[in-house]
Structures are given as C-alpha cells and as structure tokens.
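Engineer: For this one, chain S is given, so just place chain V on it according to the hints.
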Amino acid sequence: MTNLIVTRKCSRSCRYCFASDGSSSQRPEWMTLETFERCLDFLDRSAIQQARFLGGEPTLHPLFADFVRRAQERGKMIVVFTNGLMPQPALEALEALPAGQCSVVMNASASGKPGTAGRFSGPPWEALRRLGQKIQPGCNIDRPDFDLDWVIDLITETGCKRAVRLGLALPALGGENVSLPVRSYPQAGGRILQFAERAAAAGVRVEFDCGFVRCMFSDAAAARLEELGADLGWRCSPIIDIDTDGSAFHCFPLEEKYSAPDGFLLDPRWNAAALRGLFETQTAPYRQAGIYKECAVCPYKHHQICSGGCLANIIKRFSSDPIRLSIQF
Amino acid sequence: MTAPVRLATPASIRWCQDTGRVLVIDEQTGLAASLTGLDAAAWKWFGLSYQYADVLKLAQVFLGLPEEETRARLNQTLTRWVELGLLAEEKLP
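Protein chains in written order, with my numbering: chain S, 1 to 329; chain V, 1 to 93.
In short, the hints are calculated from the structure, not lab data.
No experiment lies behind these values; they were computed from the predicted model shown.
Check the hints yourself; a few may be wrong.
What the hints assert, rightly or not - Derived CB-CB ranges, DEER-like: (1) V/Glu-89 x S/Pro-28: 20 to 28 Å; (2) V/Ala-53 x S/Lys-316: 32 to 40 Å; (3) V/Pro-4 x S/Lys-293: 46 to 54 Å; (4) S/Pro-261 x V/Thr-19: 32 to 40 Å; (5) S/Arg-183 x V/Ala-11: 27 to 35 Å.
Using N, Cα and C, we set each Cβ at its ideal position, and we do this for glycine too.
Isolated chain S (complex conformation) (with noise of 0.2 Å):
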C-alpha cells in the first residue's frame, strides 16, 4: 500500500486531521505531473496495482482528472480519499471511471452529525449520489460518545456502497490534533458494537482502519462484531506516504520521526517492499510495547494477532528524560 499525497492544500480543517496543511515546510503545494510520473513508476516497480490519492483534499489538485487518467493508463484501480468537497472536473473523472476501476472513501467526523434541515442535500453529500456504488463513507471517531446511527441513513438516502470504514483519530508525532484518548479505546468499543449491530440490520457492513486493538472489545462483543460481517483488524504496519516534493514517510502519524532516504524515488533500488523494511526495522524496538503498558502481558500480542495499537500512540507513551547518577564502584 502506498499514498500519494498530490496536495496538503484542503477546504476543511478537521480538528483531529493528522495531515499538517504543510504551510510550514518548504514543500511545494502540488505534487508537479513530474513527480506524479515517478510516483507511478515506483508503483509499477513496486507491483502495486492500486493509485491511492490522498492530501490534504487530493480532488483540489488542477491536474486531478489528468493525473487520474495517467495512472487508469498504466493500469491501476485509482482510490481517492476525499472530504467529498469536489471540484467539478474532478467529481466528473471518477464519474467516467468504471465501476470496478475506481474506489472512494468520503471522510467525514463521527461526531459531524449533519441537522435535520435539508440533510444530506449539497455537497459534499452530492457526491455520493453521484458516484453511488464507487464511494463509501469513513467516519473518524474523535471521542468515545460517537453517534453514527446518521450514516444508516445517508448511506440508504444517497445510494452510495453499503459500507463505512471506521477510523480512530490518531495523534501526529509534534503535531497538535485531537486524537481519541486511548483509555477510551474501550468505551469507543461499546459504541461501535452498537453501531455494527444496527448497520448489518441495515446491511450496511463495517471495515476498521489501522490502529484499533483486540482489547478494546470483549470476547464476545468482537465474536458478535465477526457474526455481523465486520472486516476487523488489530493492526498498525508502514503505509509509505508520498508526499509532493516526492518525500516519503512512514505513515501521516509518524511523519516527523521515520522517512525514506533522499531521492529514493528516482532509484530503481527502491520499491514499496524494501521501504517498508527499512521503517519496520528502525521501528522494531518500539513495536515491542503497545499503547498500554498491559500490552507486555497480553496473548494477543504475544501471537501477534493485536499489533497493540498505533505506533505514534506507543512512541507517546516513551520518556526520553535523562537518568543521571555518580557512583564509585
């Protein structure tokens, strides 16, 4: 799996978005048509068949719908993160997509519960209309008290996939979003239990993001959540986010800390699966911890079943405080 970041630039700011908007850097603000040609040759090298966009909001891009096009050329299934906040052109390229060739994820907050007035009419909603079975929500769950139960009914309303990928707002290594406290994690547990159960009555099915934990539900609530047809999953491993200058890192949440070397992108020694050893090397002796310190006991990640959580939040729970002693031996 690797993402192209093809802007920092978005029309919303999203108190627990881990994506800086990249003001602060020297990056350029679009990813030049250059650079997305070595990204899709690193993704030729690297035997990856998917174009993931990301951003910022990616559909911004003014070669958006060319950039789609290039990479549909070269044969990839073209996957857009997107805040549902489209320009035209872009909304109308993946319009033009096959079905099958083409997958959208429109982010939004678990706790963004639209009002009852003129709901799920205009954007961003309109784009779900519009790409129907293409597109499907994803909700970012920034506290344990979430009410979702209102994307049953967008999802039955606008007739897009009857799906939503559940996320957990996730902390930036430096950086200042919000992210869902982890010893929340369980009562979080509780809800999304709740919510699986009224959106398989639905048929709505539920895919989980990175970062979740095993322990956060019982053994039974994630026995209940398999019955239901939940995709689930207790993982954090490296993503590699491309970014506009053609930079890469680990993933958004630990942009600061674990990058791939300068210039990888035009080194043919490099493709996805040796960067993705590189960084789980360098992160190893963190991945020995979890996000809690009752992770060093626990049989699901012993067997390697629970990753214990994601990695930023891990690297979170590390002093580097300094020890200092005098002794004569």
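Structural biologist: Below, chain V alone, put in the same frame as chain S:
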C-alpha cells in the same frame, strides 16, 4: 580512593514502564532491553532522580539482602547497563 564516576543515559535512550518490566530503547543502535526484577525497579528509582545511596536502601528492602551483597548486585546491574550502552560516563562541562 578513586573519584566517583558520573553516569547518564545517552540522548538516544527512551524508556517506558510496562506491566512487569521497563522497556529501554536506544534509538541510535536499535537496541531494546527489557528490564525486570531489580533492574526494572532500580531504573524506575533512578528515573525518579533518587541518589545512589537512596536506591541502595530501597534495593536492600526489595531484595531482602545485607547492604554489601545488595551493593554488589546493584553495581553489577549498573555495569551491565554501561556495557549495553544504556548508561555512559557523563562528560563534565
């Protein structure tokens, strides 16, 4: 009598307290040391800025051993930490 040695964790050292252990990581070398028993307890005490003499007293209670035997055990622990690179001689300004 030789002068006391001043020891300190290198800047690349990070650690966290887990259930039953202290996990110490050297970001530079990739070393991860899982400390248990006296090692974990002593690391936490030193982490609270207790002086060697205070840690010695606590370790005596922890191990239930006489002072000299406890001192030998504690010094073995510190020597091992130095060998692993978790502690290094601190350069005086």
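Engineer: Now look at each hint and say whether the structure bears it out.
Structural biologist: Here is what the structure says about each hint:
1. V/Glu-89 x S/Pro-28: 20 to 28 Å: At 47 Å between Cβs, range violated.
2. V/Ala-53 x S/Lys-316: 32 to 40 Å: For V/Ala-53 and S/Lys-316 the Cβ distance comes to about 34 Å; the hint holds.
3. V/Pro-4 x S/Lys-293: 46 to 54 Å: violated, 34 Å
4. S/Pro-261 x V/Thr-19: 32 to 40 Å: holds, 37 Å
5. S/Arg-183 x V/Ala-11: 27 to 35 Å: holds, 30 Å
Hints 1, 3 from the list above are not met by this structure, while the remaining hints are.
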